[in-house]
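Enquirer: The residues making up each chain are set out below.
Number of protein chains: 2
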Amino acid sequence: MEKVNLTQKFKLFSEHWSPKIVGELNGQQVKLVKLKGEFVWHKHEQEDELFFVVQGALKMEYRDRTVWVYENEFLIVPRGVEHRPVADEEVFVMLFEPATTLNTGNAESEMTKHQPDRI
Amino acid sequence: MEKVNLTQKFKLFSEHWSPKIVGELNGQQVKLVKLKGEFVWHKHEQEDELFFVVQGALKMEYRDRTVWVYENEFLIVPRGVEHRPVADEEVFVMLFEPATTLNTGNAESEMTKHQPDRI
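Protein sequences, first through last, are from chains A and B. Count the first sequence with the working numbering and you get residues 1 to 119, in order. Count the second sequence with the working numbering and you get residues 1 to 119, in order.
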């Protein structure tokens with residue numbers, strides 16, 4: 001019931017590709033993440049995923065095309081769809097997704113974050 | 001899989017207290033709404049509700065206190081908690097809530113929107 005200020009929360013961490021939980025509701029989580037560089041190709045079998053760009057420009061690659069997402073825009077990636085987020089410059093993103101969502105989906109690797117921190 | 005631009009979507013309607021659906025995922029909906037004035041006191045028995053302020057300043061009244069929410073901030077109102085949104089000046093809000101959520105919760109009235117438009 002307390003408000004969350006995104007600017008303040010983004011100041012609390014600097015690492016990339018490591019989502020932080022900042023809110024929970026209805027079995028879903030709100031996460032903040034900083035992106036830079038290329039992530040891994042992956043998909044989520046059971047979870048749709050929303051990317052809201054807070055700062056910067058996110059390039060979302062699908063297998064057949066690319067969608068650029070800018071500040072004040074969001075993109076929903078449906079379950080089962082392979083995607084790869086790419087950030088040529090650093091991007092700040094707010095995610096809405098089920099609490100069960102692994103950042104790397106079906107492509108577990110050293111980039112997988114099994115238990116995101118709450119900040 | 002197409003992106004949604006909030007600025008463009010907010011240009012598509014002008015009425016207040018009438019949420020518009022702009023996205024759906026995992027049984028949840030993303031809605032945009034313009035607020036001005038005082039809403040009705042209400043609660044949602046089954047749904048937690050997230051208010052993200054896109055423009056303006058939202059005053060959220062609880063029975064025992066008030067929380068101001070500004071741009072780039074969000075507030076989660078847990079299920080069962082009585083609340084009343086108040087907008088002294090016009091406020092643009094993005095909502096994230098279950099598809100079953102009625103805007104007036106348990107306080108149905110002429111302000112209730114049973115079937116929000118998709119825009």
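Because the hints were derived from the structure by calculation, they are not lab data. Some clues are possibly wrong.
Since copy identity is lost for identical chains, a pair holds within one copy or between any two.
Unchecked claim - Okay, derived cross-link-like pairs now, DSSO-like style, lysine-lysine, Cα gap no bigger than 27 Å in a straight line: (1) K36 <-> K20; (2) K3 <-> K43; (3) K113 <-> K36; (4) K3 <-> K20; (5) K11 <-> K59; (6) K3 <-> K59; (7) K9 <-> K113; (8) K113 <-> K20.
Enquirer: Checking K9 and K113: alpha-carbon separation at most 27 Å within a copy, between copies, both or neither?
Expert: The answer is within: 19 Å in one copy meets 27 Å, while 34 Å across copies does not.
Enquirer: Is it within, between, both or neither when you check K11 against K59 at 27 Å Cα-Cα?
Expert: Answer is both; intra-copy 23 Å and inter-copy 25 Å each pass.
Enquirer: Treating 27 Å as the Cα threshold, decide for K3 and K20: within, between, both or neither.
Expert: Classified as both: same-chain Cα gap 16 Å, cross-chain 23 Å, threshold 27 Å.
Enquirer: Please work out whether the CA atoms of K36 and K20 approach to 27 Å or closer within one copy, between two copies, in both situations, or in neither?
Expert: within (16 Å within a copy, 33 Å between copies)
Enquirer: Checking K113 and K36: alpha-carbon separation at most 27 Å within a copy, between copies, both or neither?
Expert: within (16 Å within a copy, 41 Å between copies)
Enquirer: As a check of your reading, is K3 near K43 (CA-CA no more than 27 Å) within one copy, between copies, both or neither?
Expert: between (31 Å within a copy, 18 Å between copies)
Enquirer: Is it within, between, both or neither when you check K3 against K59 at 27 Å Cα-Cα?
Expert: between (29 Å within a copy, 11 Å between copies)
Enquirer: With identical chains, the pair K113 and K20 could be close in the same copy or across copies; at 27 Å between alpha carbons, which is it: within, between, both, or neither?
Expert: For K113 and K20, the Cα distance is within 27 Å only inside one copy (10 Å; across copies 34 Å).
In summary, the structure agrees with every hint in the numbered list given earlier.
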